[in-house]
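Here is how the chains run, residue by residue.
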Amino acid sequence: MDRVMQSGGPMRAGYGAAPMNREPTNLGDILERVLDRGVVIAGDIRVNLLDIELLTIKLRLLIASVDTARELGIDWWQHDPWLSGRDRELVEENRRLRRRLSALEQEGLDA
Amino acid sequence: MPEGTYLYAVARDVLSQCPDGVADLPVRTISGGPGLVAYVSTVPLDRFGEQPLRRSLEDMDWVAETARAHHRVVDAVAAATATAPVRLVTVYDGDGPVRDLLDRRGQDFLRVLDHVTGRREWGVKAYAVASADGADGQDEPAAATPHAGRPGTAYLQRRRANLRGREQIRRQALQRADHIHRALSALSVAGCRHRAQDPSLSGRHDWMLLNGAYLVDDKREDEFAELARDLGGDGVELRVTGPWAPYSFTVMETR
Numbered sequence: 001m002d003r004v005m006q007s008g009g010p011m012r013a014g015y016g017a018a019p020m021n022r023e024p025t026n027l028g029d030i031l032e033r034v035l036d037r038g039v040v041i042a043g044d045i046r047v048n049l050l051d052i053e054l055l056t057i058k059l060r061l062l063i064a065s066v067d068t069a070r071e072l073g074i075d076w077w078q079h080d081p082w083l084s085g086r087d088r089e090l091v092e093e094n095r096r097l098r099r100r101l102s103a104l105e106q107e108g109l110d111a
Numbered sequence: 001m002p003e004g005t006y007l008y009a010v011a012r013d014v015l016s017q018c019p020d021g022v023a024d025l026p027v028r029t030i031s032g033g034p035g036l037v038a039y040v041s042t043v044p045l046d047r048f049g050e051q052p053l054r055r056s057l058e059d060m061d062w063v064a065e066t067a068r069a070h071h072r073v074v075d076a077v078a079a080a081t082a083t084a085p086v087r088l089v090t091v092y093d094g095d096g097p098v099r100d101l102l103d104r105r106g107q108d109f110l111r112v113l114d115h116v117t118g119r120r121e122w123g124v125k126a127y128a129v130a131s132a133d134g135a136d137g138q139d140e141p142a143a144a145t146p147h148a149g150r151p152g153t154a155y156l157q158r159r160r161a162n163l164r165g166r167e168q169i170r171r172q173a174l175q176r177a178d179h180i181h182r183a184l185s186a187l188s189v190a191g192c193r194h195r196a197q198d199p200s201l202s203g204r205h206d207w208m209l210l211n212g213a214y215l216v217d218d219k220r221e222d223e224f225a226e227l228a229r230d231l232g233g234d235g236v237e238l239r240v241t242g243p244w245a246p247y248s249f250t251v252m253e254t255r
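Chains as they are written, first to last, in UniProt numbering: chain A, 1 to 111; chain B, 1 to 255.
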């Protein structure tokens with residue numbers, strides 16, 4: 001299932017014998033890191049995962065129904081309470097409220 | 001065609017060579033701030049604008065490929081120098097705003113980079129595996145209970161003992177995971193626990209007790225690997241991944 005990918009760049013790749021219990025880098029580990037960790041930048045930016053945070057949620061939910069997700073071994077959202085069914089509605093509502101708020105703020109500015 | 005600047009990572013050094021990035025686009029650097037270097041690609045906004053990304057992010061093949069490409073660049077930079085990886089699909093309106101970022105948040109980036117200099121991230125997963133020394137043999141003693149003549153009672157007792165046994169095993173396994181995490185953290189500069197991966201994500205059916213990440217001094221890597229080996233056994237299998245760019249230790253929200 002996991003597509004094996006070589007980790008470690010050219011410069012430090014051969015830094016010593018790999019311990020016996022080393023596991024090859026798999027896609028799940030990569031996705032976990034690039035989607036959930038590292039530096040998050042907001043503001044004066046064209047697009048990022050914060051701007052489209054709901055999109056990622058949607059992505060996670062969407063792929064839950066897609067067979068390739070299983071093949072790729074991705075379904076950690078199933079165990080993420082924030083992403084589970086009931087809270088999805090809250091997220092939606094939150095989005096509606098935020099949209100409403102920014103509309104009101106805009107009106108306030110225009111007034 | 002309108003273009004954007006896709007940001008992978010921030011470091012202090014310029015690499016002489018860097019693998020291609022997302023969509024097989026070349027990677028270049030932007031220097032700015034207090035001696036900082038941003039690793040970027042120029043990306044077409046008809047593919048990396050908000051609307052196209054909305055569609056693309058629903059395509060798992062695209063996501064997998066893009067995540068790998070992003071990781072490949074971050075990994076190459078991190079293999080050479082202290083690196084702050086930036087989250088997937090962070091796209092700017094050109095190079096100007098990236099330079100502004102390096103200026104404005106320069107000190108924050110330096111702090112993060114100082115923290116990870118001479119250190120690398122290692123992942124350690126602990127799985128509960130069926131041990132050969134018979135945690136499964138708990139049914140046996142029940143056969144010798146005084147209720148041998150009453151099969152129903154004996155069954156219930158056996159069942160209760162079994163459930164108790166299982167709950168105990170579960171508790172012990174979790175304590176074991178806590179112990180492993182503490183021991184690994186003690187040898188590391190920093191350690192954190194991530195959500196345990198589902199079997200379909202980990203590719204294993206065994207219960208994942210621990211999904212930890214540890215920032216380890218280069219000098220102590222061998223010691224760390226040895227400890228990770230020694231902490232396993234007795235029904236727990238430890239698997240080490242890495243070295244990783246310090247994704248788990250450069251979490252920084254910036255505006």
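In case anyone wonders, no lab produced these hints; they're calculated from the structure. Heads up, a few of these hints could be off.
Residues from chain A that keep clear of chain B, each with C-beta distances beyond 10 Å, as calculated [said to hold, decoys possible]:
(1) N21
(2) E32
(3) R33
(4) R96
(5) R100
Partner residues aside, some chain B positions facing chain A, computed with beta carbon under 7 Å [to be verified]:
(6) T42
(7) P44
(8) R47
(9) A67
(10) H71
(11) T90
(12) G235
(13) Y247
(14) T250
(15) M252
Just some of the chain A residues that point at chain B, by a computed CB distance under 10 Å [what the hints assert, rightly or not]:
(16) L27
(17) I41
(18) E93
(19) L97
(20) R99
(21) L101
(22) A103
Just so you know, even glycine gets a beta-carbon here, dropped at the ideal spot from N, CA and C.
These are the hints, each one checked on the structure:
1. Its beta-carbon lying about 6 Å from the closest one in chain B, N21 of chain A breaks the requirement of being farther than 10 Å from that chain.
2. At roughly 7 Å from the closest C-beta of chain B, the C-beta of E32 of chain A falls inside 10 Å, breaking its exclusion from the interface.
3. The beta carbon of R33 of chain A is not kept farther than 10 Å from every beta carbon of chain B, the shortest such distance being approximately 4 Å.
4. In this structure R96 of chain A is separated from chain B by more than 10 Å, as the shortest Cβ-Cβ distance comes to about 18 Å.
5. For R100 of chain A, the shortest C-beta to C-beta distance to chain B comes to about 20 Å, beyond the 10 Å cut-off, and the non-interface label holds.
6. Here the hint on T42 of chain B is broken, as its CB sits about 12 Å from the closest CB of chain A, past 7 Å.
7. Hint on P44 of chain B is violated. Least Cβ distance to chain A is approximately 12 Å, over the 7 Å limit.
8. Hint status for R47 of chain B: violated, given a least beta-carbon distance of 11 Å to chain A, over 7 Å.
9. Given the 7 Å rule on beta carbons, the hint for A67 of chain B holds: about 5 Å separates it from the nearest Cβ of chain A.
10. Taking 7 Å as the C-beta cut-off, the interface hint given for H71 of chain B holds, the closest approach to chain A being about 5 Å.
11. Using the Cβ-Cβ criterion of 7 Å, the hint placing T90 of chain B at the interface with chain A is satisfied: the shortest such distance is roughly 4 Å.
12. The interface hint given for G235 of chain B is violated, since its Cβ lies 15 Å from the closest Cβ of chain A, which is over the 7 Å cut-off.
13. A least Cβ separation of about 4 Å between Y247 of chain B and chain A falls short of the 7 Å threshold, and the interface hint therefore holds.
14. Against a cut-off of 7 Å between C-beta atoms, the interface hint on T250 of chain B holds, since the closest Cβ of chain A lies about 6 Å away.
15. The beta carbon of M252 of chain B is positioned within 7 Å of a beta carbon in chain A (closest approach about 5 Å), and the interface hint is therefore held.
16. Because the beta carbon of L27 of chain A sits about 6 Å from the nearest beta carbon in chain B, less than 10 Å, this interface hint is met.
17. At its closest, the beta carbon of I41 of chain A sits 5 Å from a beta carbon of chain B; the interface hint therefore holds under the 10 Å criterion.
18. Annotation: E93 of chain A was flagged as interfacial toward chain B, and the flag is violated, the nearest CB pair being 20 Å apart, outside 10 Å.
19. Look at L97 of chain A: its Cβ only gets to about 21 Å from chain B, farther than 10 Å, so that hint breaks.
20. Nearest Cβ of chain B to the Cβ of R99 of chain A: about 15 Å, over the 10 Å cut. The hint is violated.
21. Annotation: interface hint on L101 of chain A violated; nearest CB of chain B at approximately 18 Å, more than 10 Å.
22. For A103 of chain A, the suggested interface contact is broken, since its CB lies about 19 Å from the closest CB of chain B, more than 10 Å.
The structure fails to meet hints 1, 2, 3, 6, 7, 8, 12, 18, 19, 20, 21 and 22 from the earlier list, while all remaining hints are met.
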